[in-house]
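Enquirer: Please take these sequences and the hints and turn them into a complete structure.
Chains as they are written, first to last, in the numbering used here: chain A, 1304 to 1532; chain B, -3 to 281.
Treat the hints as calculated values from the structure; they're not laboratory data.
These numbers come from a predicted model, not from an experiment.
All C-beta atoms, glycine included, are put in the ideal place defined by N, C-alpha and C.
Any given hint might turn out to be false.
To be verified - Just a few of them, taken from the derived set where beta-carbon distance is under 8 Å, the chain A residues facing chain B:
id	residue
1	R1382
2	I1394
3	T1398
4	V1409
5	P1473
6	L1475
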Amino acid sequence: MIETIGVSKAYGREEYALQDLTLKVEKGEFVFLTGPSGAGKSTLLRLLLLQERPTSGHVVVGDRDLSTLTPNEIQAYRRTVGFVFQDFKLIPTKTVFENVAFVLRVLGQPVEQQRRRTYQVLKWVGLQHRHNAYPLELSGGEQQRVAIARALVNEPHIMLADEPTGNLDPDLSIEIMNLFREINAGGTTVLVATHDRELIKWVGRRVIPLDHGRIPGSAPAPSSTEPLL
Amino acid sequence: MIVISYAFDEAIASLRRSGRSALISIGTIAIAFITLGGFLLISVNVQDVLDRWLEAAEISVYLQETAADADRVAVEQFLRARPEVAAVEFVSKEHALQRFRTDFPELADVTGSLSQNPFPSALEVRLRAGGDSTTSAETLAKDVAQKSGVADVQFDRTWLARLLGVVSSARLAGAVVAGILMLGAAFTVGAVVRLSLYARRDELEIMALVGAPFSYIRGPFVFEGLLLGGIGAAVALMVVAVLYYFAGQYQPVRFLGYGEMALMLIGGIVVGAAAGTLASRAAHR
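Expert: In structure tokens:
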């Protein structure tokens, strides 16, 4: 379970990215964070990934208040969280395989296990045939699938995605959302920040709208069960 | 072990990427350690010479022409009772003249024309080895000069002790200069490590976000500094060996001992690793 209790995040004296935000996401849920640019979606994800600390309030994941974690505990917590960004954040000098296996390598896993698990996730995202390609040789959709494979390779409990389809055309966006739905079906809690209302409609999951760092009101879960593709 | 192998591989890859800046860093470390090694080489050889001189150093106690046998025996007994004295030998006037003739045969004409023997009889005192007994030997020289029948006392070790003092000061000055150069070298290593840190900032961000342990994030940079320092010190050792070879053409000298070589190599590794460790703190900021 993810819970924010009265969380505010200020940049400077008056500029609040989040203001007294209280929300709850149940374990295994798939939730969209939506709202216009500057609504606070990315800030909330950064707080969940501990890239930043709240100015006030508490962020609780499972039974841990993230503000109490030591640097080593932060790293241990991050191993349970996968992340996907709009700009993919792939390492251009590493191949597709190396980009994904890198996570397992820096977590000290044995080489054979790295290889096996990496091919497994690359196969799952449909890119096993491009394992020797470099990121810049791939299309935007393929790069995002590599980023998803990298986020998944360590079997995270939580998946955070910040505008994961922002650079993709509608067909590829649906393809990526299908992957997130499958990840969620495996029991992983998924939080996707997007302002793409069409896509939210297609997927049909709970939406947490944000505006100027606040929740104007909880949106009811859409009833759409339409197939995506 | 996995983290060490990872850090080592990444450090080697980073050094290859750094190219010229890594070479500059190795060069500055090497210059610092050539200075240190040069001072060490000079100091061990000067020390060897001084030690040899010190072992041979004597106190010569010249007796008065009028000194009675009883005085001589009393002085001899006094000397033998002192712990810093290794041996006492009586050299009579005749023996002294004979020794002079043997040592300087080309001056035989001069000694042959002398109407009387100008050499005084003397007690030659050999001291125990070790520079730290200099002070007590000086006291001994002063004490024996007060004894009845003693005309003069010559103590060779006094000027040697002064020379030792000069050598120690020079060694200290060398260590200070090498220390300052090493500090400069450490800054250069730190700068090179920070450059590679900057070059890998995207990778580091991802490492931090996937929860890589800090040993994996910082380890490669510590190893990079360690390798730069170690290679720099090894290069310096080779340069000092070349200097030794050329110096050996003119003067028999000995090379650094294992201890001194280890000091240089470990020094380089420690300085490099410390600079790398400090620079790597920025890796997870």
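Enquirer: Taking the hints in turn, state whether each one holds.
Expert: Verification of the hints:
1. Here the hint on R1382(A) is kept, as its CB sits about 4 Å from the closest CB of chain B, short of 8 Å.
2. This hint holds: I1394(A) has a C-beta 5 Å from the nearest C-beta of chain B, less than the 8 Å allowed.
3. Against a cut-off of 8 Å between C-beta atoms, the interface hint on T1398(A) is violated, since the closest Cβ of chain B lies about 14 Å away.
4. At its closest, the beta carbon of V1409(A) sits 4 Å from a beta carbon of chain B; the interface hint therefore holds under the 8 Å criterion.
5. For P1473(A), the interface hint is violated, the least distance from its beta-carbon to any beta-carbon of chain B being 28 Å, above 8 Å.
6. Among the interface hints, the one on L1475(A) is violated; its C-beta lies about 23 Å from the nearest C-beta in chain B, farther than the 8 Å criterion.
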